[in-house]
Every structure is written in C-alpha cells, then in structure tokens.
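These are the residues of each chain, in order.
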Amino acid sequence: MSILVYIEQAEGKVKKTSLEAVSFANALAAQTGEGDVIAVALGTIGNEELASVGKAGAAKVLHGAESKLDAGVIQAHASAVAQAFNLVGAKTLVLAKSSLGDAVAARLAIKIKAGLVSNVVELPKTDSGYLVKRSIYTGKAFAETSVTTENKILAIKKNAIDLKQDGAAAQVETFDVALEDADFASKITSTERATGDVLLPEADIVVSGGRGLKGPENWGMVEDMAKILGAATACSKPVSDLEWRPHHEHVGQTGVKVAPTLYIAIGISGAIQHLAGVNSSKCIVVINKDPDAPFFKAADYGIVGDAFEVVPKLNEALKAEL
Amino acid sequence: MKILVCITHVPDTTSKIQFTADNTKFDSTGVQYIIGPYDDYALARAVELRDQASGKLTVMNVGEADSDPTLRKALAIGADDAIRVNAAPKDSYFVAQQIAHYAKEGAYDLILMGRESIDFNGGMVHGMVGELLGMPSFSPVMKLDVDGSTVKMAREIEGGKEMLEASLPLIAGCQEPIAEWKIPNMRGIMSARTKPLNVVEPVSQETQAEASKYELPPAKGAVKLVDKDNVAELVKLLKNEAKVL
Ligand SMILES: Cc1cc2nc3c(=O)[nH]c(=O)nc-3n(C[C@H](O)[C@H](O)[C@H](O)COP(=O)(O)OP(=O)(O)OC[C@H]3O[C@@H](n4cnc5c(N)ncnc54)[C@H](O)[C@@H]3O)c2cc1C
Ligand SMILES: Cc1cc2nc3c(=O)[nH]c(=O)nc-3n(C[C@H](O)[C@H](O)[C@H](O)COP(=O)(O)OP(=O)(O)OC[C@H]3O[C@@H](n4cnc5c(N)ncnc54)[C@H](O)[C@@H]3O)c2cc1C
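Protein sequence lines, in the order shown, are assigned to chains A and B. Oh and the first sequence: position 25 is 25 in UniProt numbering, straight run, nothing missing. Oh and the second sequence: position 98 is 98 in UniProt numbering, straight run, nothing missing.
In isolation and in its complexed conformation, chain A is listed as follows (with noise of 0.2 Å):
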C-alpha cells in the first residue's frame, strides 16, 4: 500500500506547497502504515528536479511524461491522476490547494470515491474513525470532518506541516497515461503569468497595500520592499478593483487567501473582508496613519505613521539588517 501525492509544477520546478504535500504524506503513512509515499507528476520536467522529491519525503515519483499535459488541462489531468491511483493501489491521495489542484481534486473524488475533505490544517488523528481538521468560515473557525469512504482525498492548507527536507532521492519510473480525446475537449489558448516573481499563493512573505496608498504610480516603495525581502506583492480589494493592481494580487474573502510566515499590510483598513484572506498569516505587520485603524486589532507589530514616510525609511533598514 501507499500514499500517492499530487504534485504540481511552475516552469519545470516542483511547487513549494505540493512538496509541503509529500512532506505530509510523509508523516501520515508514517502515523497509519500506509507503507511508501508514491508522487505523480505529469507534463514535461527533469529528472533530476522529480528525484529532487525525495527530500520531502516520497520513495518514488511517478512521471507521466506526455507534453499534452503541460498545460494545466483539468480533465486530463483528474483522469491521468485517477490512472496513477489505481495503478500504485493507494487509499489516500494528498494534494496541496491550488487553482488546478483543487479543479483536479473535485473530479477525482467522484472517479475514484472519494471522501474529499479541502483546507485541511494538520495531520487526520486515525487511532477510532478518520477525524480531520479543516480550516473554514474562512479561516474563522475549524471543523473536524469525519471521513467515512473507503478512499480518502485531503487538499491541504499551506503551512499545515513544516517542510521535510532529509529524504534521500526518489526514484522515477515513467508511467504511459492514456488519454482521451474527450479529456482535451477544452483548450488553453493562452497563459498570461507574471514570470521571475514569487507568486503570491505560494510566498513566504507577502508585502501589501490599500488605498491609503493612494494610485499605481506610489507601488515603487512596495515593490521596492518586496525585492529586498523576496516577498510577493499583493492588494486589498479596492486597489485591484481600481485597476491600480492585477486581480491576481487582491486578497481577502473574495480574492487569494494567503498564509505566509509574514504579512505586512500598509495603508490597508483591515476590514474583515480583507482579514479573512490573511488571517493564516502567522506574523502581520501594520503600516497606517490611522491609530484607529480595526488592522491593529489583528497585527503583531505595528507604526502608526504615514506610509510615504515609513515605508522608504523601513526599506533603507531592511537594507542594513539583511
């Protein structure tokens, strides 16, 4: 028997967050005796990056190599992972959250009947029943799920586990995926994707702004903040809604959830819509001139002071520190 794991890749290099999934994996086929942790990946990438897994805990990665499958075709993708389910004769698929992991995981949970449980926290306690703990309400409160199928998917949380990094290589092995034209009724024109950038979903560190920023041409010191301390950039709702920023960087109830190690938000209200999307975090900097402003309510450290004189002041100390 043995875990598999979904796992994700951005320009040929494995994801961060599906190696927190391996790592997870890991610990749980540690806690039930589920044997190995298998990982599946698809699409064209090195062998040298897929044994590379090994570190965060898998014994051996499944590579189903076919370059129809670079693209993130959802479909294609549900029905390759499926194949790699049956094929290894796991119970348990983990996968970390994501854009395409969670549109994955949806259909699969039906092709192989599954118990899906999404945003999962940390480790199922498995000693009577299948418990797992699940972040909801937007990460305003828990529920521990009870899982009740046979095959169980979980999609988990970033951060839900520290990342393992002293496994041994992997081993590769490629698998023949078959393919159906039907998996490929939809087609990706084409893929706009900011390059070189940390990607916000992903970061360890996110630097944000609001309004009180007051138009695009004032983002220099952030994005001057976010290089120095390699952070992604992101926004509260108004700012993306201005146009000030892309959509993709909005985060809050009905943007990007993130859960970095550090968010620092400036000229940002902390309306409880935006905090829904940070709360995560586990350290939150707050940059206002408002003393009143609700963030402070919600942040570990904080200026009162305005950010056109903080922030450039701040980033000089970065500086000198890093």
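A hint or two may mislead.
As the list claims (entries may be wrong) - Here are a few chain A residues that face chain B, going by a calculated C-beta distance under 7 Å:
hint, residue
1, Gln75
2, Ile110
3, Glu192
4, Gly220
5, Met221
Don't read these hints as lab results, they were simulated from the structure. Glycine included, C-beta positions come from ideal geometry on N, C-alpha and C.
Guided by the hints, dock chain B with the ligands onto chain A, whose structure is given.
Chain B with the ligands only, in chain A's frame:
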C-alpha cells in the same frame, strides 16, 4: 439558452462566527444571511447572458426553508424561477449529487456556480457535478463569453490567468471581475414574489465527510507598536523576536 445558477445561503461576511451545543452547531443568533459573494458574481453574469440570448435563468439551492428569502433575492436580481432541494447541505458530495440530478433533469446549457462557498470554502461542488454529469468544469473563472455554442473564458491561475475555449454545455465556478454585483430594484422585488419557487426532495442521503465538531482559533495577543521614527526597532523585533526574517 437555459442557464442554471447554484447559490449558497451563507452568513454575511461581517458575521461573528460562534458555535453552540458544545461546539457542534453553528450559532445563527443575530446572523444575517446572504447569497454567497461568489455566487452573486455568477448570478450577475448569468442575468447578462440570459438577457443577451433571451434565454431562461433558473437558480437552485440545496437547503432548508430558511433559504427561501435568499432564493427570492436571486429572483429579484433577475432569475426567472427557483428550485430548492429541501435538505440541509450536509457536505460537498451530498450537495453535488442533488445538483447533478436536478441539473440533468433541467438539461441546462450553462451551469454557473461560485468559486467557493464562504462557509465551508470547499471549492469542490462544481468539479463534482461536472464529473457526475460528464461535463467539463472550470474554476475560478473571471471572464466568460458565449458565442453560439463556443465559450471563451479566463481562468485565474497562481500569478496570472489562462484563456480557455470550450463548448456548451459546461460548468464554471465564478469570481470577480466576471460581472458587477447587481442590486435588486423595486420592480425586481415586486415581481420576485410571484415568480415560481419549486421545492423538490433530495434524491440521495449519501455523505462522505460531515463535520462533527467546531472550534475557534485562539485569540490574538495585543499589537506591539513601534515608534515611526525608530523603524530599525521593528526590523530587530521581526528578526529576533518573531523570527520571521
Ligand atoms: C462581500 C464583500 C467582499 C469583500 N471582499 C474583499 C476582499 O476580498 N479583500 C479586500 O481587501 N476587501 C474586500 N471587501 C472590501 C472591504 O470591505 C474594504 O472596503 C476594503 O478592504 C478596504 O480597502 P482598503 O483598506 O485598501 O481601503 P480603505 O478602507 O479606504 O483604507 C485605507 C487605509 O489607509 C490608511 N491610510 C490613508 N493614507 C495613509 C497614509 N498616507 N499612510 C498610511 N496609511 C494611510 C487609512 O487610515 C485607512 O485605514 C469586500 C467587501 C464586501 C462587502
Ligand atoms: C446547518 C448547516 C450545516 C452544515 N454542515 C456541513 C458539514 O457538516 N460539512 C460540510 O461540508 N458542509 C456543511 N455545511 C454545508 C455548507 O453549506 C457547504 O456550502 C456545502 O457543503 C457545500 O460545500 P463546499 O463548501 O465544498 O462548497 P463549494 O464547493 O465551495 O461551493 C462551490 C459552489 O457550489 C455551489 N453550492 C455549494 N453549496 C451549495 C448549496 N447548498 N446549494 C446550491 N449551490 C451550492 C455554489 O455555487 C458555490 O459557490 C452545512 C451547512 C449548514 C447550513
């Protein structure tokens, strides 16, 4: 074109989340219920598409009678009729089975949902319904245009978006900026009272992952303020105390 929009009946985004009965039940005291914000985007886009194609727009909810005012609101926003599957939504799979059954019966060309519910945040129902019906499903969709039987979409991916082309019938889980939220006007509210709201019975009781107990996150400690003229102090705290740099 026949369009179906599936809507959730969920606590307003400003609600205080609390539980009762030894943390086994959501405490709805003082809670205002709304159409899920993502579902509201789906509905707004569906109204536009229905008007363009002079089609028919149905809204559906799996829920108990307390969902009716939420369905009426969707009718006021512009849906032509509503279906309520009369059952508490026990988990994503339970909900997906009901929607799949009644969606098949209605033979819709386009099924729009929200990207995710704002209570359980699964983001799964559209994909499950898609697989149950053998229909392609896409999420999160931020742009959707229909031209004959061809659908052009933009789907958000980490750090960007991808453009897609597919054919009807299909399912999309929607998010902004697909359309702007619509506020019902007086005429809409009046006509909603007489539009059909059909209550139907669940077709399956099967569940896979029901919640048994709830918990709130630990309370946050007080913020530590640093003087604006001493920003170096903040850097030190982040490095040595919080250990996040
Ligand atoms: C259903 C629903 C869903 C929503 N979803 C989201 C969501 O996903 N994400 C989201 O962000 N919002 C969301 N909102 C909107 C949310 O309610 C707030 O309106 C929004 O977050 C406010 O954005 P802001 O903080 O950038 O702007 P504002 O509220 O205008 O705040 C600007 C802040 O900047 C400060 N400021 C001004 N000048 C300076 C300066 N020079 N230096 C330092 N500080 C300064 C001000 O003191 C103020 O606190 C949603 C709302 C609803 C109803
Ligand atoms: C009293 C009560 C108890 C509940 N207990 C549980 C529980 O134990 N476990 C659990 O998983 N959920 C429970 N929920 C159900 C909750 O309402 C979820 O919305 C539902 O399970 C769907 O799952 P999801 O979050 O994965 O939806 P998502 O997959 O996030 O929803 C995506 C989209 O699917 C559509 N959709 C989702 N749910 C419905 C619906 N009910 N009717 C019509 N369209 C819908 C909407 O368009 C939505 O935007 C409970 C709800 C209530 C009111």
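Holds or violated: is the Cβ of glutamine 75 of chain A closer than 7 Å to a Cβ in chain B?
-> With a minimum Cβ separation of about 6 Å from chain B (threshold 7 Å), the hint on glutamine 75 of chain A holds.
Agreement of hint methionine 221 of chain A with chain B interface, Cβ distance less than 7 Å | violated (13 Å)
Taking the closest Cβ pair, is isoleucine 110 of chain A under 7 Å from chain B?
-> holds (4 Å)
Mind checking the CB of glycine 220 of chain A against every CB in chain B and telling me if the closest is under 7 Å?
-> The hint is violated - glycine 220 of chain A has no Cβ within 7 Å of chain B, the shortest such distance being about 18 Å.
Hint status (Cβ of glutamate 192 of chain A to nearest Cβ of chain B, threshold 7 Å) | holds (5 Å)
Comparing the model with each earlier hint shows violations of hints 4, 5; every other hint is respected.
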